[in-house]
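Protein chains: 2
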Amino acid sequence: MNSNPYRIYLTEDEIPRQWYNVRADMKEQHAPYLHPATHKPLVKEDLLPIFCDELCDQEMNTTDRYIDIPEEVRDFYRIFRPSPLIRAYKLEKALDTPAKIYYKFEGNNTSGSHKLNSAAAQVYYAKKQGLTSLTTETGAGQWGTALAMACAHFGMDLTVYMVKVSFEQKPFRKAVINTFGADIVPSPSDTTQVGRAILKAHPGTGGSLGCAISEAVEASINTPNCRYVLGSVLNQVLLHQSIIGLESKAAFEKIGEYPDTVIGCAGGGSNLGGLMAVFLQDTLNGTRKGTEFIAVEPASCPSLTRGRYAYDFCDTGHVTPLAPMYTLGSEFIPSANHAGGLRYHGMSPILSKLYHDGYMKAVAVEQSKVFEAATYFAKHETILPAPESAHAIRTAIDEAIKCRESGEAKTIFFGLTGTGYFDMNAYTSYLEGTMTDFIPTDEELQKGFDTLPTI
Amino acid sequence: MNSNPYRIYLTEDEIPRQWYNVRADMKEQHAPYLHPATHKPLVKEDLLPIFCDELCDQEMNTTDRYIDIPEEVRDFYRIFRPSPLIRAYKLEKALDTPAKIYYKFEGNNTSGSHKLNSAAAQVYYAKKQGLTSLTTETGAGQWGTALAMACAHFGMDLTVYMVKVSFEQKPFRKAVINTFGADIVPSPSDTTQVGRAILKAHPGTGGSLGCAISEAVEASINTPNCRYVLGSVLNQVLLHQSIIGLESKAAFEKIGEYPDTVIGCAGGGSNLGGLMAVFLQDTLNGTRKGTEFIAVEPASCPSLTRGRYAYDFCDTGHVTPLAPMYTLGSEFIPSANHAGGLRYHGMSPILSKLYHDGYMKAVAVEQSKVFEAATYFAKHETILPAPESAHAIRTAIDEAIKCRESGEAKTIFFGLTGTGYFDMNAYTSYLEGTMTDFIPTDEELQKGFDTLPTI
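From first to last, the protein sequence lines stand for chains B and P.
Each residue of the first sequence is one higher than the one before, counting from 1 in my numbering.
Each residue of the second sequence is one higher than the one before, counting from 456 in my numbering.
No lab work stands behind these hints, which were simulated from the structure alone.
Heads up, some of the hints might be wrong.
To be verified - Label pairs and their in silico Cβ distance ranges:
{"no.": "1", "chain 1": "B", "residue 1": "Pro171", "chain 2": "P", "residue 2": "Ile710", "range": "37 to 45 Å"}
{"no.": "2", "chain 1": "B", "residue 1": "Pro224", "chain 2": "P", "residue 2": "Ile710", "range": "43 to 51 Å"}
{"no.": "3", "chain 1": "B", "residue 1": "Gly433", "chain 2": "P", "residue 2": "Lys583", "range": "55 to 63 Å"}
{"no.": "4", "chain 1": "P", "residue 1": "His494", "chain 2": "B", "residue 2": "Asp96", "range": "51 to 59 Å"}
{"no.": "5", "chain 1": "P", "residue 1": "Phe893", "chain 2": "B", "residue 2": "Thr11", "range": "42 to 50 Å"}
{"no.": "6", "chain 1": "B", "residue 1": "Pro171", "chain 2": "P", "residue 2": "Glu747", "range": "35 to 43 Å"}
{"no.": "7", "chain 1": "P", "residue 1": "Glu469", "chain 2": "B", "residue 2": "Asp96", "range": "46 to 54 Å"}
{"no.": "8", "chain 1": "B", "residue 1": "Pro224", "chain 2": "P", "residue 2": "Asp468", "range": "50 to 58 Å"}
What the hints assert, rightly or not - Below, a list of computed lysine to aspartate or glutamate pairs in the EDC-like style, where the Cα atoms sit at most 16 Å apart:
{"no.": "9", "chain 1": "B", "residue 1": "Lys93", "chain 2": "P", "residue 2": "Glu527"}
{"no.": "10", "chain 1": "B", "residue 1": "Lys249", "chain 2": "B", "residue 2": "Glu14"}
{"no.": "11", "chain 1": "B", "residue 1": "Lys100", "chain 2": "B", "residue 2": "Glu408"}
{"no.": "12", "chain 1": "P", "residue 1": "Lys545", "chain 2": "B", "residue 2": "Glu72"}
{"no.": "13", "chain 1": "B", "residue 1": "Lys90", "chain 2": "P", "residue 2": "Asp812"}
Stated by the list, open to error - Computed footprint of chain P on chain B, listed as stretches where at least three residues anywhere in the stretch have a Cβ under 8 Å from a Cβ of chain P:
{"no.": "14", "segment": "73-80"}
{"no.": "15", "segment": "416-424"}
Virtual Cβ for every residue (Gly too), placed ideally from N, Cα, C.
Pulled out of the complex, with its shape left as it was, chain B reads as follows:
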């Protein structure tokens, strides 16, 4: 291998054969989910009507450190994995920083993001159980596209409830999802009870992930031989996404490097959770000290930095269990002028617990600063990033600038979750100077906190 490669690829044989379950190494587990009606700790049986059986097991599994990736899923992974670990030589030079910057690029598949890692697993388990259709929500559209691709691969019907504001910002997501044979419905819609209720209470709303989840869950329950699947937040999703970190760590080992700082954007937490897990393992078991983990969230939807650590519903319609998490309240709907994903009111229970226990930092960044970083990155690294990914880029650039000022030659590593091909309306708005930032006031946030049960 070249001594200073741009892109480090594992071979196909080196694609991990097991996912890593960080909960097996966590000193303390997050508090249990609660049943939405009884508020009692949830047991696996409560989840069975919602998720397929194997995924219910994975959701509850706190003991198995490694879980085998089924051969059929690995076979699908081989179509688009391993993904490259890329050294950002051009960005480093442009920033004149002594830092080394690396990113794991998950956008080199048609879904354009890391979401395909969990979609492949979830659809496979549903198919294995003999189910015939699935429902889901999607925000920016990456999860919906990934799931449509996986459903086309394994042979499964799919209906996607897409957050209405994203549906309108990204008209071509519909065409892609349709090309793979799935149906798409802008949410809130009049196709579900919960959708109709939300529309009545908030006429003209642009929707939120929380609304779309409620609709998808209701639709799955009313469809025979169907289950609901979720693209983030859940423990099972972080488990599947651990492949991002596993591959990254193996690639770093090939070049004798290890990151000082691990940075990921965080909406529901699927990317960052998967990226950081295997590096955090080294911190948890004492192999490594001083590695810094940073979650980057939008200032317009700041669940970690300004939310409450409490029990909250995963959805707006309150049909799902309550999860222990940093939340802005399940009725929080981000401003329509916030582009892209990262619009979820809560944060993964695992990441919430890690943040609460001091293993992870969090920063919130404003949209205009994010697009400034996205455009700068595109010009130097040639990849057009998704707005979500550009949150991590913003913070990686900020960290690299700090290194320039301090003279430290840190190794900065961030997750580049996807491409921005379907976000050109947002790029145009940035380029034309019409993009605005939105930061909720304390009063606006307080409304969501008033009724949250404590953990």
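Once you have looked at the hints, place chain P on chain B.
Then chain P, alone, in the frame of chain B:
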């Protein structure tokens, strides 16, 4: 290496250090270009006002078999190359064919296509000569995007004249090109004399590559320290694109394979010329016998299959030299309902000569059949192809089906030039059943042939 890999990657060290110039091995050269005013054979000096010096040399070079890739270009290539050679296991299985199907995927860079290979070279030479700006045309937008990326990398101003019908079909191309800092003008426009003349003669025209070339050439001549660059047709472009075939051949050698059939879509010829060159070398020097080369063009713009082999202008406004090529006449404008690129009236002089001399076959395929293949391919291989690339997919599938019927286990190899992220309007039209085919009548074509000088 795995014994049956999906994707074969070269290492960065194995990225070719030289382009291959197929003309050094051709038994006969194409007839010379002619000066547009005198109709005398063109000499290098005639080209100097249009192209930068090094590219004029490359355009005329029939003797040097290999030409060094400058280190700065190779350094840029390393950002997005090597590209993978992919075994289409899923497609083979779906087609139930004994054929092995491979494709070289050039879409894994932000420009979404192979065009970046030549953009990198052309911008580098212009920069080295001390030029400060460039003009160009773009059809589907892939070349304009690639050039904008290369100009951002090397530091060069750029104005892109984009065929108006594509500009309207693909609104987000503008945003991408702007993100990389370049200007874009829908063509024909009122910014040039030739554009105004075309608009007057054909009010409401959707434009053509030939129109856009005329405008870009005029604009470059009227701008100080500026030259014009072209993304296809020219010998220099095929030279740069030879890297596609060189990498493919090296990857095939790694797995002990060699294609029986090489298939590429052909508009101006840049992709197919680059894909096939080094395999054709083996045919020309007698190392291999029986390799089949197939150009696939749209039935709506059938320069090889229904055009004339004659001298013709490269542009509609007749400001460029005449080239010896298969052509539909420089005033031919494809129907607006033809999606994507491959809208050029002529074909690369090298490919035209090879076709004329029987080294290459050509087929024309209808748009609806192309999108049928594109959608089928996407579902099985997960990559959403560009409409241009899907022409090659259509023919590769047809060849694989022939193998199923004959029982032959051929090795079929095609170029997957790019992704279809910016072509979702066309996909939607196909999915909704509103896509129509267009095949020009003999009478319509005859009009373009009447005044062509013979070779």
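So, going through the hints one by one against the coordinates:
At about 41 Å, the CB distance of proline 171 of chain B to isoleucine 710 of chain P agrees with the hint of 37 to 45 Å. Evaluation of the 43 to 51 Å hint for proline 224 of chain B and isoleucine 710 of chain P yields a pass: the beta carbon distance comes to about 46 Å. Look at glycine 433 of chain B against lysine 583 of chain P: about 35 Å separates their beta carbons, and that is not inside 55 to 63 Å. Roughly 55 Å separates the CB atoms of histidine 494 of chain P and aspartate 96 of chain B, a value that falls within the hinted 51 to 59 Å.
At about 46 Å, the beta-carbon gap between phenylalanine 893 of chain P and threonine 11 of chain B stays in the expected band of 42 to 50 Å. Checking the proposed 35 to 43 Å range against proline 171 of chain B and glutamate 747 of chain P shows it holds: the Cβ atoms sit about 41 Å from each other. Range check, glutamate 469 of chain P to aspartate 96 of chain B: Cβ separation about 31 Å, and the 46 to 54 Å hint is violated. About 56 Å separates the C-beta atoms of proline 224 of chain B and aspartate 468 of chain P, a value consistent with the hinted range of 50 to 58 Å.
Distance hint between lysine 93 of chain B and glutamate 527 of chain P is fulfilled; the C-alpha atoms sit about 15 Å from each other, no more than 16 Å. Restraint check: the Cα-Cα separation between lysine 249 of chain B and glutamate 14 of chain B comes to about 12 Å, which is no more than 16 Å; the hinted pair holds. A C-alpha spacing of about 10 Å is found between lysine 100 of chain B and glutamate 408 of chain B, which places the hinted pair at or below 16 Å, so the restraint holds. Among the hinted pairs, lysine 545 of chain P with glutamate 72 of chain B is consistent with the structure: their alpha-carbon atoms are about 13 Å apart, no more than 16 Å.
Pair hint lysine 90 of chain B plus aspartate 812 of chain P does not hold up; C-alpha atoms about 46 Å apart against a cutoff of 16 Å. Given as covered by chain P, the segment 73-80 of chain B passes the check, having 3 residues with a CB less than 8 Å from a CB of that chain where 3 are the minimum. Counting residues of the segment 416-424 of chain B whose CB lies closer than 8 Å to any CB of chain P gives 4, which reaches the minimum of 3, so the coverage claim holds.
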